[in-house]
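Given only the sequences and the hints, what does the whole structure look like? Please build it.
Chains as they are written, first to last, in my numbering: chain E, 1 to 197; chain V, 1 to 477; chain R, 1 to 252.
Check the hints yourself; a few may be wrong.
A few chain R residues that don't get close to chain V, going by computed Cβ distances all over 12 Å [said to hold, decoys possible]: (1) Arg60; (2) Leu75; (3) Gln101; (4) Leu102; (5) Ala110; (6) Ile116; (7) Val151; (8) Arg183; (9) Ser196; (10) Ala211; (11) Pro221; (12) Trp230; (13) Gly231; (14) Thr244.
Only part of the chain E face toward chain R is listed, based on derived beta-carbon distances under 10 Å [stated by the list, open to error]: (15) Ala39; (16) Val88; (17) Ile161; (18) Val165.
Hints in this document: simulated from the structure, not taken from any laboratory. Using N, Cα and C, we set each Cβ at its ideal position, and we do this for glycine too.
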Amino acid sequence: MASTIDERAPKSLPDTRWRTRDIVVAAVIGVAFGVVFWAWNLAYAAADPIVAFAPWLKDLTYGVWLMPAVLAPLIIRKPGAAIFTEMVAAGLSALLGSVWGPDVLLSGFMQGAAAELVFAFTLYRSYGAITLVLAAVASAIAAFVHDWVVYYPTTDQTIQILRAVAMVISASLIAAGGSILLERSLRRTGVLDGFPD
Amino acid sequence: MAPPPGRIRVDGLGFTYRGGTRPAFHDVSLELAAGACLLVVGPSGSGKSTFALAIAGLVARDIPGELTGSLVVDGPVGVVFQDPASQLVMERVEDEIAFGLESLGWPRDAMRERIPQVLADAGLEGLERRRSQRLSGGQQQRLALAGALAPQPGILVLDEPTANLDPDGAAAFFARLRSLLSERRATIILVEHRVEEAWPLANLVLALGRDGAPIDVGPPDDVLARSGERMAAEGIWLPKDRVVPAQANASPIAAPPPDPGSPIVTVNGVSFGYERDVPVIHDLSLSIGRAERVALVGPNGGGKSTLGRLLVGLLRPDHGTVALDLAGHDPSRLKPAELARLGGYVFQDPESGFLANTVAEEVGLGLTPAEAVRVPGLMDRLGLPLDEFGSRSPYRLSGGEARRLSLAVALVRDPAVLVLDEPTFGQDRLGYDGLRQILRDRSDAGTTLVVATHDLRLVRDLDARVAEIRDGRVVHG
Amino acid sequence: MIVARDLAPAQLDSLLGRTSPVLKLVISIAWLLGLATTVSAGPPLIVALVVIAAGLTLGRIPGRDLARALAPLWLAAVGLATFNTLFGAANGDPGAMTFAQLGPFRVTQAALAAGIGLGLRVAAIGAVGAVFALTTDSTRLADSLVQQAHVPERFAFGALAAYGAVPRFSEDLATLRQARRIRGLRGDWHPRLLVSLLVLAIRHGDRMAIAMDARGFGSGPRTLYRQIRWGWLDLAVAVGAVVTLVLSLATR
Chain E
1 MASTIDERAP
11 KSLPDTRWRT
21 RDIVVAAVIG
31 VAFGVVFWAW
41 NLAYAAADPI
51 VAFAPWLKDL
61 TYGVWLMPAV
71 LAPLIIRKPG
81 AAIFTEMVAA
91 GLSALLGSVW
101 GPDVLLSGFM
111 QGAAAELVFA
121 FTLYRSYGAI
131 TLVLAAVASA
141 IAAFVHDWVV
151 YYPTTDQTIQ
161 ILRAVAMVIS
171 ASLIAAGGSI
181 LLERSLRRTG
191 VLDGFPD
Chain V
1 MAPPPGRIRV
11 DGLGFTYRGG
21 TRPAFHDVSL
31 ELAAGACLLV
41 VGPSGSGKST
51 FALAIAGLVA
61 RDIPGELTGS
71 LVVDGPVGVV
81 FQDPASQLVM
91 ERVEDEIAFG
101 LESLGWPRDA
111 MRERIPQVLA
121 DAGLEGLERR
131 RSQRLSGGQQ
141 QRLALAGALA
151 PQPGILVLDE
161 PTANLDPDGA
171 AAFFARLRSL
181 LSERRATIIL
191 VEHRVEEAWP
201 LANLVLALGR
211 DGAPIDVGPP
221 DDVLARSGER
231 MAAEGIWLPK
241 DRVVPAQANA
251 SPIAAPPPDP
261 GSPIVTVNGV
271 SFGYERDVPV
281 IHDLSLSIGR
291 AERVALVGPN
301 GGGKSTLGRL
311 LVGLLRPDHG
321 TVALDLAGHD
331 PSRLKPAELA
341 RLGGYVFQDP
351 ESGFLANTVA
361 EEVGLGLTPA
371 EAVRVPGLMD
381 RLGLPLDEFG
391 SRSPYRLSGG
401 EARRLSLAVA
411 LVRDPAVLVL
421 DEPTFGQDRL
431 GYDGLRQILR
441 DRSDAGTTLV
451 VATHDLRLVR
461 DLDARVAEIR
471 DGRVVHG
Chain R
1 MIVARDLAPA
11 QLDSLLGRTS
21 PVLKLVISIA
31 WLLGLATTVS
41 AGPPLIVALV
51 VIAAGLTLGR
61 IPGRDLARAL
71 APLWLAAVGL
81 ATFNTLFGAA
91 NGDPGAMTFA
101 QLGPFRVTQA
111 ALAAGIGLGL
121 RVAAIGAVGA
131 VFALTTDSTR
141 LADSLVQQAH
151 VPERFAFGAL
161 AAYGAVPRFS
171 EDLATLRQAR
181 RIRGLRGDWH
191 PRLLVSLLVL
201 AIRHGDRMAI
211 AMDARGFGSG
221 PRTLYRQIRW
231 GWLDLAVAVG
241 AVVTLVLSLA
251 TR
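Pasting the structure below:
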């Protein structure tokens, strides 16, 4: 039997219009992470001076801060998810008055935009492990550049490299790997029914 | 001039969720006259909420699935949902009302005129700039109703609007519905468990059965006469199941517990607040004897839920002491493993306490091998046999099943003291009977029960001693 | 536990409270970028002092509230300053002047100066953030983003609805940690909490989305109950901000 014309035509572009549900759930993911970051910061603020001596330790957990930029696109699958969710999480910090103030908005934007570029490059059709790792790493690089300019412009080069390596590892394992595991767990609960697979 | 209320005609209507094995509800046919009220009742899982959302035009748009049959709805629909918090989307009261009007493109002047009117009707005048989060539950639901009514819809759908309210809040809400109906301002479809108050409002009753098929449709008295028995058998609450509040056992706390020598929980001069300078519990003292059954009653926000958490050390008092068990341990300082053996807590919303990927994992969390042996038997007794439910995600259970799982989790260690927070919220008759039975069995076996509840029926059925908690204090009878 | 913080009418009606939130954001970022051009101690110090003074006067923020908001800053500032002092690139330059030797760390004057400057930078950024948070109403921010920055409405108000759920999520998190405790599990925190919290949050979000759609959200062009327009106050604040930045950079 001959295949139909449809089967040979290129796949239609994914539906790019955001439903209300897409918007609110993306926002909610950003806010949920914002709440966790806030509570975590409060709990571990005392460790800051100590960690100042070995910052790459803290940078190994940097991936957590990058999760919204990877998890949201993985779930929502619409253009702009990475930027929107990161901005919502950052905006929450800004409104609650976190220590890093408006800078969170800048770094959030850079992290989100970097991840967004990766997803855009795949025309928003690929959400496999490789794409996610690339998006996470791109986000980590953006974060690194931001931190370098704002917080570490005069720091010793070796330390900078150590930081960068720690952040990239953290991004791949935690931001990308963690997002994959998280999405899988969420899917089992049924809460993602109605979102594209 | 407000538009007239709309009519509704439904023919063979049914809906199946995507991926569902059977329809949520099916074969519903009825006609509702303008300005009339339809009451939809049914046990858990009967699809009554789905039906309400279908009338509102929200299924198949937000909710993936297939709608069969025909539905004619004569005009725009306003909707009020069960949970106040998730339907209020703006920070301030007046902005909340404006939200719907803005979405429909009302000009600003018209909005400025309409909003004060709507607030006054709802008894919320003067609260324009108040944060909706700071309103009581009852006020929030009246606000949600006002928001739904602001654009003057001809039809109003309410899905268990009083399920989370205390009796005062519910009464005020029903009063509002009564006045809407008497003014013939809207056609109303009401899904409710609180039949004592809802039944008199209805012109038409639709009873759905456990499998989503209609048991009966018709005027309330006819339906009751024809199908009352069958409805009761399916677990639907009927108007004659009422409890007369005055009969509730109200012995003052000052009376000594049954076995005076062995109080198992002693609260002494406890004060507590979530925020600095805003105490929720004021200098409260209370003594609960071993194997007693105590009901904490009182309005929402009065502190009974907070007190429940203090009793089992989930919160630490700012002042005063809590002593749990005969050795007088402070539960908030016990290690979790020790605490879990002494105290158990059942959360109001079962899902808010789920921690695992599967039902089997959830029940088995943190158990020693000796304790784990009890699990299969307990799950069978609660109607959640492991071979059927074990590998499911806890979040995929129905409301009743989730409630039973949360009970299992609290009961599996056989704690000496069990605290439950509103365990009968939204339960149908069968769920309620099952719960009552389990609690009585446990109590007979020696477990001390503390139940924070509005449900005076439960208080009576448990023959519990009543402690009224109001404004963070015990009110003596 | 995060509780919805009510901005008192005093702050809302203050000059800073009535300034366009979008303008305040732009100023914050502009200052940040401006400060990033130098590691001298002067510029951030001046910006920090100006913004704190503005907050107390133009923003009518009670001293105690501002102090409380600024308290965590010192830790972060000291931490960053210490780090940059100890690990400054200058410390490896044999030509640079040594200030002190702390164990294995050689601290040069250059690194110390940079460390101090960067610590002050954090303080300035944090101060700007605190004053912003204490003088900005979130609904007004959403209105400003939509009407002045032309952010699509559905996204701005979708985000606003999600912000309203913050106290609820905060309670949910607290409840989950209590659930761990009452089940005998050691330790309040566990990665699995994130899954549970997200499930509850997404469910909540779904219900909000349905409620919003039920009221016609996104069904057509939206009108505005609250109007926000550019005004002379905004111009004055903008000018003041530019002057502050220029003057502060002049001290480097």
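The hints, checked one at a time:
1. Every CB of chain V is more than 12 Å from the CB of arginine 60 of chain R (nearest about 18 Å), matching its label as outside the interface.
2. The Cβ of leucine 75 of chain R lies farther than 12 Å from every Cβ of chain V, with a closest approach of about 21 Å, so its non-interface assignment holds.
3. Here glutamine 101 of chain R stays apart from chain V, with its beta-carbon at least about 46 Å from theirs, past the 12 Å limit.
4. Listed as a non-interface residue, leucine 102 of chain R keeps its Cβ farther than 12 Å from every Cβ of chain V; the least gap is roughly 40 Å.
5. The beta carbon of alanine 110 of chain R sits about 44 Å from the closest Cβ of chain V, which is more than 12 Å, so the claim that it is off the interface holds.
6. Separation of isoleucine 116 of chain R from chain V is adequate, the least Cβ-Cβ distance of about 34 Å exceeding the 12 Å criterion.
7. The claim that valine 151 of chain R is not at the interface with chain V holds, since no C-beta of that chain comes within 12 Å of its own (minimum 16 Å).
8. A beta-carbon of chain V is positioned within 12 Å of the beta-carbon of arginine 183 of chain R; the least distance is around 5 Å.
9. Listed as outside the interface, serine 196 of chain R is inconsistent with that label: its C-beta sits roughly 6 Å from the nearest C-beta of chain V, within the 12 Å cut-off.
10. With a cut of 12 Å on Cβ distances, alanine 211 of chain R falls inside the contact zone with chain V, its closest approach being about 4 Å.
11. Not every CB of chain V lies more than 12 Å from the CB of proline 221 of chain R, the least distance being 6 Å, so the non-interface label is violated.
12. For tryptophan 230 of chain R, the condition that its CB be more than 12 Å from all CB atoms of chain V holds, with the nearest at approximately 18 Å.
13. The Cβ of glycine 231 of chain R lies farther than 12 Å from every Cβ of chain V, with a closest approach of about 18 Å, so its non-interface assignment holds.
14. Non-interface status of threonine 244 of chain R relative to chain V is upheld: no Cβ of that chain comes within 12 Å, the nearest being about 31 Å off.
15. Using the Cβ-Cβ criterion of 10 Å, the hint placing alanine 39 of chain E at the interface with chain R is satisfied: the shortest such distance is roughly 6 Å.
16. Taking 10 Å as the C-beta contact cut-off toward chain R, the hint placing valine 88 of chain E at the interface holds, the least distance being around 5 Å.
17. Checking isoleucine 161 of chain E against chain R: minimum C-beta separation of about 12 Å lies over 10 Å; hint violated.
18. For the restraint placing valine 165 of chain E at the interface with chain R, the shortest Cβ-Cβ distance is roughly 15 Å, beyond the 10 Å limit, so the hint is violated.
Violation of the numbered hints given earlier is confined to hints 8, 9, 10, 11, 17 and 18; the remaining hints are satisfied by the structure.
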